[in-house]
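Asker: Listed here are the chains, written in short residue letters.
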Amino acid sequence: MIELKDAVVELGGKEIIKQTSTRISGKTVLLGPNGSGKTTLLRAMAGVIPYRGSIMINGIEVKRARNVNAISTNLPEAFVLGLTMEDVIYLYEEIKQLDGEKAREMLREVGITDLKKKVYELSAGQGVLFRTIIALSSEPEVILLDEPFENVDAAKRYKVANWIKEFGKEGVIVTHELDIAKTFKSYDSLIILEGRLHGLVNLGELLDSTIEEGEVPGAILYMNVGGRKFSLIKQGKGKKFEDLILLDRIYNI
Amino acid sequence: MRLIYYMIKRFLTNKYNWGYGVAFVLFWVLMGAYVFSSQMPLEKTPDYYYTAAWTGMAILMTLGTIGIGATAVVSFQTGSLSHLLRFSKLTSKYYVISVYAGTIPSSLVFGILIVACVYLTFSEHFGFNLAPSNMPGLLLASILGGTFMTSLSFFLNLIILKTSRKMEQLIFFIPLILSYLFGFGYLYLNLSSAVYLSPFTAIDSLIMEFYLNKSIPLNFSSLVDGNYLTATGGTVVSPVLAIASLVVWTVVLTFIGIYFVRSVYYKPLEEGRIA
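Chain order of the listed sequences is A and B. Using our numbering, read the first sequence as starting at 157 and increasing by one per residue. Using our numbering, read the second sequence as starting at 9 and increasing by one per residue.
Quick list of the computed label-pair ranges, beta carbon to beta carbon: (1) B:R270 - A:G392: 43 to 53 Å; (2) A:E333 - B:E279: 24 to 34 Å; (3) A:G168 - B:R270: 19 to 29 Å; (4) A:K258 - B:K97: 13 to 23 Å; (5) A:G394 - B:I264: 58 to 68 Å; (6) B:K23 - A:R179: 45 to 55 Å; (7) A:Q175 - B:L205: 42 to 52 Å; (8) A:N380 - B:L178: 42 to 52 Å.
Pairs of lysine to aspartate or glutamate residues, derived as EDC-like cross-links and limited to a Cα-Cα distance of at most 16 Å, are as follows: (9) A:K395 - A:E368; (10) B:K97 - A:E250; (11) B:K17 - A:D243; (12) A:K161 - A:E217; (13) A:K396 - A:E368; (14) B:K97 - A:E249; (15) A:K219 - A:E159; (16) A:K274 - A:E242; (17) A:K338 - A:E398; (18) A:K174 - A:E350; (19) A:K321 - A:E297; (20) A:K258 - A:E322; (21) A:K385 - A:E350; (22) B:K97 - A:D255; (23) A:K315 - A:E261; (24) B:K17 - A:E242; (25) B:K97 - A:E295; (26) A:K312 - A:D335.
One-sided excerpt, in silico: chain A residues whose CB lies under 7 Å from chain B: (27) G203; (28) A221; (29) L237.
These aren't lab readings, by the way, just hints derived from the structure by calculation. Think of the CB as a built atom: it goes at the ideal place given N, C-alpha and C, for glycine as much as any other residue.
So that you can see chain B by itself, here it is in the shape it has in the complex (with noise of 0.2 Å):
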């Protein structure tokens, strides 16, 4: 269990994890609710769905960012990891278990913060009170998504490690890169069942239904009016199946984690420069 401990610790006191993934992320809830909101109608409905829409994209940035900070942790183990998986207690599937476990409490604090946050800040400027119909859901969905991201951020790192690091520093962004497209691509464009097989509208969509405690709309560009949202729309989102797929993504790329790091050999990082 010292992994796991050791994990949590470190993860939950990562600086950087708190500068990214809560401060910056904090200042893109205060233009949400501030100066982004300027168009939107003083009517509940509207602005609750919109709320809920920007509790979405900042429970994604934030569960991307300690998703990143999942990825630099194995990056750094590559040594350890390619001596202590022969010649040490250590497992794969207990190293693995440990970094997934250790983004656990982070995705919950962290997403426990952003919903505060967006909940007193939308409420303060709007007047109504916004607050989050279904707290449970919303921390399912973040322990969900930060354990789908960590498990994306763990496979792309093997990549890395399997091929060459020359590409690291794009690599270890991709699970930020695609929460900002899948994110904004669910509110504004028409994604359909596809929002089934992104895990990250998946994560999207589940955190605006907790959020508001009512279905969402498959195509929520359906919604948005002008530049007004209205609460009106089609098909809905089925929460089952984006949990399930999300599951199925996380237990899938987890696998073939487990699978992959055992055969991991030491990669210096120095490989990664490029002067």
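One chain only, chain A, in its complex shape (with noise of 0.2 Å):
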């Protein structure tokens, strides 16, 4: 279970993340236009970018966790320990457990095999997949997955997402295209906009809702997006959520 209780997040004296609260069991998609703070927001829950209020994952005080090895991320900041992927697994396999020979069977499915290579030469696809692949095969309680499709071959990103659901039983899988997100309609998801936690509702659900403009009673889900309020209805007549296809889009309506 992660908690947020009136979690602040500032980065460079602004407030990124501003006063949240949310409670997130099972696996959760966040889905966020372009800086809406979704990678922000992950890091503090990653432990890699200090926070206010509070951030609990399984019970623990993030910013006071001390050597809890149930969580594993994909974030970039956290893989610069190790040159090369070699190095990573080699390391990872004694301070994060990591199956080294399943991360690297599951290397070998996406094609990269050339494991001396230094982790900053790879591509930025390779670079998603690799880091990815390692969070996920150190078989962790929680994944915190920031844009785990970026920049991957579409074929790749299924596989991915196969990963995914198989490898830990709750998290955090941030992503702002939809497409990808449809393969998860069973997991809630929580939406981002301008710093604030919007959800949780099932994404299938939403990705089958319409947005009309104002306050309208049933809805399953209300937004403020640039100082307008929207309504995500069920079966309702506005544009579909799920056409919005990347969820920048959100500002065009």
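Quick one: dock chain against chain with the hints and give me the complex.
Answerer: Written out as structure tokens, the structure reads:
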């Protein structure tokens, strides 16, 4: 269980995540346009950056957590211990209880075989694949994945999606791409807009809903976008949420 | 143990460490042997002191470089540290020990190489056998010196990470800058008992002491007569006090390092950009 209580994350003196409280159990997809604060929130959850308020993961306050091995992330900032991919696997086998054989096998499946390559020399897509595979093959209870499909080939995206379903009991999967999010229809979802979280709602219901301006009674979710209020309605008349494809388009409605 | 092996491998195979810590220092060793030695008399005792003084400076420069390398390691790993110290078996103690352990073999290997080169070049130039008299002592001084430089660099890096990266280009080089200042300061100024307060002069004096296997004057500059070195002097440096000074500095800086590394958060390298 991930629990945020009045959590605020500041970067450069600016509040990126505004006072937010929510409770996440199971795997949840965090949707949001570019610059909405998805990665910042994930960084705070992963203990990479400081925050105010409280972020608890499985009952442990993140800022006070020490040597809890149940959480894995694919955030690039967390992958600078180890120069080459082989180094990372070698070190993570010791400190993260990574299943090295499984990691190598998964890497082979996505065509990454030269493990002597330095992590920073990988292409954008390969980098995402490598980090996501390392995060998943540590067999964590909680996974915190930032854009695990970004720059990844279409065929490999579905492989990654299947792995995400297979590994980890709970966690947050961040994406701004609704087409791949469809593969997680049974999961809960959260929408982050301008630093504020909206949700939780079932992702399938969210994708099938329609967007209407204003506060419509009976909506499954209300959101503030650029100073305008929107309602997500089951089988309404407006634009279907799923048809946005990229969440950034929400500002064009 | 894997992180320790990894750090040892990375420090020993880092070409920049070899470049600045060995090749660049050897250039100065050659200058000391063949260029700056022109006014030295062809007498074994002053030449031996001169050789020992150059060994001290050269090793001090090498250890300073190793310290800078250690700083760079930590500086790049803030994102991993902040995450892994919370969500893995990595502890601050294990991490700090790994960085320290990583620098010890480099300190030893580089120290041996520098001593060997000083011995060969200075002996060849002066025509005497100017071999080091206490090699185990020199190795001990190299390890103690290397560990101190690492602890200082680690501490300085944590200051950067707790404040701003804007000054890091300068702060990174503080161990090397202080090595030059105190190294030459000890040779040419009367630092008196301050020799014990400064770990840099403690390293320098220990290396000279072990190279010669003779007591070194507290005021080394008293040996300089004109441009010549003479082998007479007053009060001598106590190696026990010098070692104690180094150990105390290292232990204090290490404890501060272990304490503060726990609260490190990701600090983007871009923060250090000035343009």
